[in-house]
Structure formats: structure tokens, C-alpha cells
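A.B. asks: With chain A's structure known, arrange chain B on it following the hints.
Protein chains: 2
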Amino acid sequence: MGLNENGLNKKVSMAVVKRLPRYYRYLSDLLSMGITRISSKELSQRMGITASQIRQDLNCFGGFGQQGYGYNVELLFKEIATILGVYNNYFTTIIIGAGNMGQALANYENFEKRGFKLIGIFDINTDIIGKTIRNVEIMHVNEIDDFCKNNHVDIAILTVPYQNTHEAAEKVVSLGIKGLWNFSAMDLKLPYEDIIIENVHLSDSLMVLGYKLNEIKKLKVSENNINMSNT
Amino acid sequence: MGLNENGLNKKVSMAVVKRLPRYYRYLSDLLSMGITRISSKELSQRMGITASQIRQDLNCFGGFGQQGYGYNVELLFKEIATILGVYNNYFTTIIIGAGNMGQALANYENFEKRGFKLIGIFDINTDIIGKTIRNVEIMHVNEIDDFCKNNHVDIAILTVPYQNTHEAAEKVVSLGIKGLWNFSAMDLKLPYEDIIIENVHLSDSLMVLGYKLNEIKKLKVSENNINMSNT
Numbered sequence: 001m002g003l004n005e006n007g008l009n010k011k012v013s014m015a016v017v018k019r020l021p022r023y024y025r026y027l028s029d030l031l032s033m034g035i036t037r038i039s040s041k042e043l044s045q046r047m048g049i050t051a052s053q054i055r056q057d058l059n060c061f062g063g064f065g066q067q068g069y070g071y072n073v074e075l076l077f078k079e080i081a082t083i084l085g086v087y088n089n090y091f092t093t094i095i096i097g098a099g100n101m102g103q104a105l106a107n108y109e110n111f112e113k114r115g116f117k118l119i120g121i122f123d124i125n126t127d128i129i130g131k132t133i134r135n136v137e138i139m140h141v142n143e144i145d146d147f148c149k150n151n152h153v154d155i156a157i158l159t160v161p162y163q164n165t166h167e168a169a170e171k172v173v174s175l176g177i178k179g180l181w182n183f184s185a186m187d188l189k190l191p192y193e194d195i196i197i198e199n200v201h202l203s204d205s206l207m208v209l210g211y212k213l214n215e216i217k218k219l220k221v222s223e224n225n226i227n228m229s230n231t
Numbered sequence: 001m002g003l004n005e006n007g008l009n010k011k012v013s014m015a016v017v018k019r020l021p022r023y024y025r026y027l028s029d030l031l032s033m034g035i036t037r038i039s040s041k042e043l044s045q046r047m048g049i050t051a052s053q054i055r056q057d058l059n060c061f062g063g064f065g066q067q068g069y070g071y072n073v074e075l076l077f078k079e080i081a082t083i084l085g086v087y088n089n090y091f092t093t094i095i096i097g098a099g100n101m102g103q104a105l106a107n108y109e110n111f112e113k114r115g116f117k118l119i120g121i122f123d124i125n126t127d128i129i130g131k132t133i134r135n136v137e138i139m140h141v142n143e144i145d146d147f148c149k150n151n152h153v154d155i156a157i158l159t160v161p162y163q164n165t166h167e168a169a170e171k172v173v174s175l176g177i178k179g180l181w182n183f184s185a186m187d188l189k190l191p192y193e194d195i196i197i198e199n200v201h202l203s204d205s206l207m208v209l210g211y212k213l214n215e216i217k218k219l220k221v222s223e224n225n226i227n228m229s230n231t
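In the order they appear, the protein sequences are chains A and B. When the first sequence is numbered by this note's numbering, its final residue is 231 and no position is left out of the sequence of numbers. When the second sequence is numbered by this note's numbering, its final residue is 231 and no position is left out of the sequence of numbers.
Worth double-checking, as some hints may not be accurate.
Because identical chains cannot be distinguished in the list, a pair is counted as satisfied if it fits within a single copy or across any two copies.
Once the Cα atoms are required to be at most 30 Å apart in a straight line, the calculated DSS-like pairs of lysine-lysine come out as [what the hints assert, rightly or not]:
hint : residue 1 : residue 2
1    : Lys149    : Lys78
2    : Lys131    : Lys41
3    : Lys117    : Lys212
4    : Lys171    : Lys189
5    : Lys171    : Lys217
6    : Lys218    : Lys41
7    : Lys218    : Lys189
8    : Lys131    : Lys218
9    : Lys212    : Lys171
10   : Lys41     : Lys117
11   : Lys113    : Lys131
I should point out that these hints are in silico values taken from the structure, not numbers from a laboratory. Predicted model, so just to flag it, every value in this text is computed and none were measured.
Pulled out of the complex, with its shape left as it was, chain A reads as follows (with noise of 0.2 Å):
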């Protein structure tokens, strides 16, 4: 049974939830500036998304805006929130790994902002366990049956080294964690059908830039080859 099906949920393909988000961060900069009215014109110049793209994106969920209104951010915030589950809601987290990605992304305070809550650090490295970032303790990892049985832990960070990536995974899988969100180099894959894990490669973003400063030097070999041509 699908989720369409039985009308719990608008088909919304993952390209648009990909781009809810951008929206949540953009739509509660502007609570945050006290605007409460939006048109999709305004909206899509300060997103670099056109307006017909944020129309139809909006209009998966039902739509929110008046034809000469604009959107009602407050309400737009609350719907987006509401779909990506954060609204009046938060999900627990834990770090597997407080090397210094690990620890980066403890010190991350905008995860509170989206509706994460870090409540636990675990490592292996004695020198510092027991020390706490932004009030969360690092514990050995040997403690991490007690502390999912007396917590509920909705998503593990995994920031472990490459090779102890799987070893993690499945450890916090047997602990009842069903969301993984892993920073090692690898496309973690588990046979579980109700386990949910996104992969985070951040060359893949790196890549994407070089390839853009190689077509922008690209254009410019060829404007330069022209204008030698024309004189």
C-alpha cells in the first residue's frame, strides 16, 4: 500500500521535497524580518528559483497563495514545516564520531533552528570523553545501549572513519535508530526496508563548482578566440 494511496500524503515527487528546505530557510528568514506577505515574483528573486517553479512547487502541497495577494508566509512557513515534520516538532540526534566533523556539526547550532535536537555525542577517544560541546556529553561508545534504551534517538550522524562506517551503522540500527545520516565517502546501503539513510558526499558539490569555473573559462577562451578573429 502506498502512501498516495490511502490519502495520508499529495504525491510529491523528491525533487520538490529536495527544494522544501530552501524554502523553510528562506520563508523563516523572512518571519524572522517581520514580513508577512510575499508575491512569488519577490519570493523567486531572493531564492534564484523562477516564479513558475515555486508556483507549481507550491501548488503540489495546495497552493497557499491568492491571485494579487502573494503568499501568506506565516501560513507557507507553518505547511512547509508541517511536511518536513519539524513543526512543533523535532527529531532526536546523536554523533557517532566527534573527530572534527563530528564535532563541526555539533557546534552547529542551526540544527536546533530546523528542528533537530543533538542530545548525545559518542566516541572512542578517551582524551575526550567527558568534555561537552554546546552542553552535549562526548561518551564512549560503550555506552550507547544504556543511552538508547533510556532514549529515544530518531537519527545517528554517523562521522566515523571510512571503515567503520558499516560496523556503526549497524550497531545503531540494532539500537532502534531508524534515520542514518553518514559523512563518510560512501554510499552506505543496509538491507533493512524501514531504515532510511542519506548519504552525504560533500565532493559531489565541489565537483559540480569546478565543473561550472571550467565552462566559464571555456567561454572566455572562445570570446577572446572570436575577438581575435574580428579584428
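C.D. replies: Below, chain B without anything else, positioned relative to chain A:
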């Protein structure tokens, strides 16, 4: 004059470009395993992308597949690396801000494998200046002008605090750097046509994970309700 009009580049949509690093990763893994030929079906299963999507994507660049023979892995890898600008070529990068995120990225040796060479790290914290990460020295930001005079830098990775991002961006642009990879939680915008900026929003991916977790949860609640109404 657009890129496509002068025949320099085939028309490749950004949606396809964004998938190229993924192809690059998988093909590079296949090569290192000694696999020289692969069917679109098998590649599809490994990558979790439909075979028809793969054929469609790769057709943008002229195909590379022979009906019944599959893809030549090395040829395809070379072609994608070339499109991404990293075939027998690399982009030079510097990191501005050697906090946890900057150090995590500096330690990330995969960047080199992808064609990005780290040549300098800059910070203002005198406690860490002079230290090295993977043989790259952390220098004081005061030295960045001289450094950029003596070294060609393609990309600056910005891992500075939010409030310093704009200033840091203007600085590196004034030094002739054309590519900015920005990790502060803002959509950095600059009024220069030839500057390429990729803004990394880590929590966007976390929010997508949250969305999927929520969908699974709703599906379960729905199934339980149906089971209860059937008994």
C-alpha cells in the same frame, strides 16, 4: 553568446551535471576493482538510478554505450572526468578558516582523488598557525595576498563564522579567485558575473532525512489502523 551556440559544449542541464559526480565516484570504484565493461542494468543496480535514467544522462554526452556490449568503464570515466574538468587536471584550493569544519575538510583526502588539490589553509588563530594538516601549512590570513600572488588558486573554501563570510568572500575575489565553496549557513551572493559560488547547506540534507522518516512513520500508523479495522 551562450555556451551551446558556439558548439563548445553540448546542452547539459544542471540536473544532469549534478549527477555526474555520482557517476564519477561509481566508475572510479569500478576501475579500481578492475571492471572494464558494465551494462546499464548493472550500473543502475549499483548506483540506485534507473537504467533508462543512466542511458538518458549519458546520451547528453554522446552515449558511450554499445547495444548489447554495455559501457566501456574507462572511456566513460575519462569522458565524465573531462566534462568535470578533472581529467589529467586539477583545481587548486585554499581553505579560509581552520576551525573544526575547515580541519575536517583539510583532512579529507578524497578531494585529491576527485581533482582538487589543497595548497593553503588560512586562519587568524595564532595557536594553530604554523601547524600542518596533511603537509599543508596553516598560515595567517595576513599572508593571503602574498600567497595568491605566488600561487594560482582556483577555489577558496570558506569555513569562517557566518558574520565573517561576506568579508572573506570579497577578499578572495579581490585576489582573483573565481570559485567559492561556502559552508556558512547563508546563500552567499556577490555582484560579479564571473564568480562561481556553491553554497553548502548541510541541514537541507538532514531535513530530507527527517521528511522520509516522517513518511515511514505515517505509513506505519496507517497500516496499523488498517490492521485494527480488519480484525
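A.B. asks: Compare the structure with each hint and give your call.
C.D. replies: How the hints compare with the structure:
| no. | hint | result |
| --- | --- | --- |
| 1 | Lys149 to Lys78 | neither (32 Å within a copy, 50 Å between copies) |
| 2 | Lys131 to Lys41 | neither (48 Å within a copy, 49 Å between copies) |
| 3 | Lys117 to Lys212 | between (36 Å within a copy, 17 Å between copies) |
| 4 | Lys171 to Lys189 | within (14 Å within a copy, 42 Å between copies) |
| 5 | Lys171 to Lys217 | between (47 Å within a copy, 21 Å between copies) |
| 6 | Lys218 to Lys41 | neither (33 Å within a copy, 34 Å between copies) |
| 7 | Lys218 to Lys189 | between (38 Å within a copy, 23 Å between copies) |
| 8 | Lys131 to Lys218 | neither (51 Å within a copy, 37 Å between copies) |
| 9 | Lys212 to Lys171 | between (40 Å within a copy, 21 Å between copies) |
| 10 | Lys41 to Lys117 | neither (34 Å within a copy, 40 Å between copies) |
| 11 | Lys113 to Lys131 | within (24 Å within a copy, 34 Å between copies) |
Figure legend: structure checked against the earlier numbered hints; hints not met, in rising order: 1, 2, 6, 8 and 10.
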